[in-house]
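Novice: So the sequence lines, in the order shown, correspond to chains A and B. Take the first sequence: its position 101, counted from the start at 1, is 101 in my numbering, and no numbers get skipped. Take the second sequence: its position 65, counted from the start at 1, is 65 in my numbering, and no numbers get skipped.
These aren't lab readings, by the way, just hints derived from the structure by calculation. Among the hints, erroneous ones may be present.
As the list claims (entries may be wrong) - With a straight-line cut-off of 30 angstroms between C-alpha atoms, the simulated DSS-like cross-links for lysine-lysine are:
#1 B/K97 with A/K110
#2 A/K108 with B/K173
#3 B/K304 with B/K294
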Amino acid sequence: MPEITFVESLRMTLREEMERDPTLTLIGEDIGRYGGIFGVTKGLLETFGPHRVRSTPISESAIIGSALGAAMTGIRTVAEIMYIDFTPCAMDQIVNQVAKMRYMSGGKAKIPLVIRTQAGGGRGNAAQHSQSLEALFLHVPGLKIVMPSTPYEARGLLKTAIRDDNPVLFIEHKLLYATKGFVPEEDYTLPFGQADIKKKGKDVTLISISYMVLKALRAAGELAKEGIDVEVIDLRTLWPLDMDTLLQSVRKTNRAVVAHEGCRRGGIGAEIASRIHEEVFDYLDAPVERVGALDVPIPYSEPLERAVIPSEEDLIQGVKKVLYRA
Amino acid sequence: MRRRGQNMGLSIDEALCLRMYELMLTIRAFEEKAIELFEHNLIRGNIHPCIGQEAVSVGSCSALRRDDYMVNTHRGHGNCIAKGADLRRMMAELLGKSTGYCKGKGGSMHIADFEGGNLGANGIVGGGLPIAVGAGMSIQNRGTDQVVACFFGDGATNQGTFHESLNLAALWKLPVIFICENNLYALSTPLHEAVSVSRIADRAVAYGIPGVSVDGMDVLAVYEEARKAAERARTGKGPTLLDCITYRFFGHFTGDPGRGATYRSKQEMEKWLERCPIKGFRNRLFEEKVLNDKTEERLSNRVKNAIEEAVRFGMESPFPSPNEAVEDLFSEGANRA
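Assemble the whole structure, with the sequences as input and the hints as a guide.
Specialist: Shown next, in the form of structure tokens:
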């Protein structure tokens, strides 16, 4: 198969999984004739009909809650929330209903539900269409959180998410949609809780996820020119979190940087850095560095947005800081 | 089976009437026992007794089949019982025991019994409505003739989820019966201070579905409307909003001073007590000679024994072990990471 885009990979996966499981139902805003605002569900209504591709009114709570009710009663469901910025409209359904239903029923509820949503900045969409809210959901037990970085990962992880009998929040970065990559033709899945070492290195462990992985790889390329050998790890899933791979890498490099696009304050880097400090403190030659967005909403104007969201240069500085070369 | 009740304007069989009466007695007795156990510090948190609302639970659930779904509220013991839950496992859950419906993880506000179609109760007012819509969507996709009974209170009709859910269910003609247990108060806030229309049933107009106000103290009236709504749902005609006007005799919850006397007048409370749904139904059954002293004694004893057995079972059951706290989060088992 030639290289395909992230969007094409997602669309192909949804189609394949809908063919594989005749109950699989999609629900979300504008996902029918329009094909979704980013074109991910294009053509699916025509093939699978309006009961399995349910284009909804603008009712985020009803989208998530009805997806939950359907999933609990035997219909595997993928709900789409157009922007992660709109998940707060459905926060009760996600946090109090979806995440807790299985636990508070004593393990009886089976919830084969994926919430697909789109996040991230960099395109001038301003404060309510550019957020990275994964840390909010990481704080809620009962959700799995997946953030793919390439078309290959998008397909393998989405298949795993759909076939999982638990709620999965599947977050797609808007700047990844047009990126291209190799995707094998055969059916494959990628396991949750298994990080991927995107580039091997011996000097510093650079941990990232989603679109930030691309920046991390570019930063590593620049740093290589200065003789700094960076190991780039793509977490792939935020929960379950593959600490084993991280710790193994840090035991080797003795230095770590966690980079993410959400605010630095209370971001996922805080959790990961803390875990590294707790578990391999004696191996560290420097405190774990966190690189995240400034603690403000995402501004509109280009120079302002650039200032807020971590850049390649910020990652380079983060790596140099743990090497005491900043 | 003999047919009775012509004077009631209904053609309802005697066995069903007696069953409904027994269920109402069971709910009342269960709630009274639960309050007693709460007062003895054997039940934690709080409970929201549905005493006074028994006719809504029993009337509507009597129109359901076992394979129909039910989505419940925080004041939901009565609906669980009317939908066929096992009293022993309910009581065990209230007592926090591992034999409870949720192995002690849910408590009073989260009893779920999936085998009996009970998709669980909700501690969030209005939280269950979208879930009921989803169950309706699932029925439609699977092509069965099940229905969903979605219970909620008058307070929930002011939540966004009420409006989103009625719209979606109406739009897609989903088999959902929206049953408002309209007990006239959202905690302490009276209906007329919180709802912009005088009748909650009128809110159905906005979604183009039937909205019916029912005397929620009359089990047969509730049954009749629920039966019609269920028939409508089963035949693909879509949802109905039932506005069952009722009253909670006990107050909002076990911490409500004077059983709600701080926001409800003595006269009002007394007026509603006179309209007790169990007393009213009992009188009618006596008048119709469906019930006599002997049958009543038999039913009362059976209820008493069932409640005692439930308490015994709950009290004798073990508490969960502390390490179970990290189980049941995901389907693959423990999640300790």
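Novice: None of the hints should be skipped; say for each whether it holds.
Specialist: So, going through the hints one by one against the coordinates:
About 22 angstroms separates the Cα atoms of B/K97 and A/K110, which keeps this hinted pair within 30 angstroms; it holds. Only pairs whose Cα atoms come within 30 angstroms are accepted, and A/K108 paired with B/K173 is accepted, the gap being roughly 29 angstroms. Straight-line distance between C-alpha atoms of B/K304 and B/K294 comes to about 15 angstroms, which keeps the hinted pair within the 30 angstroms bound.
Violated hints are absent here; each numbered hint is respected by the structure.
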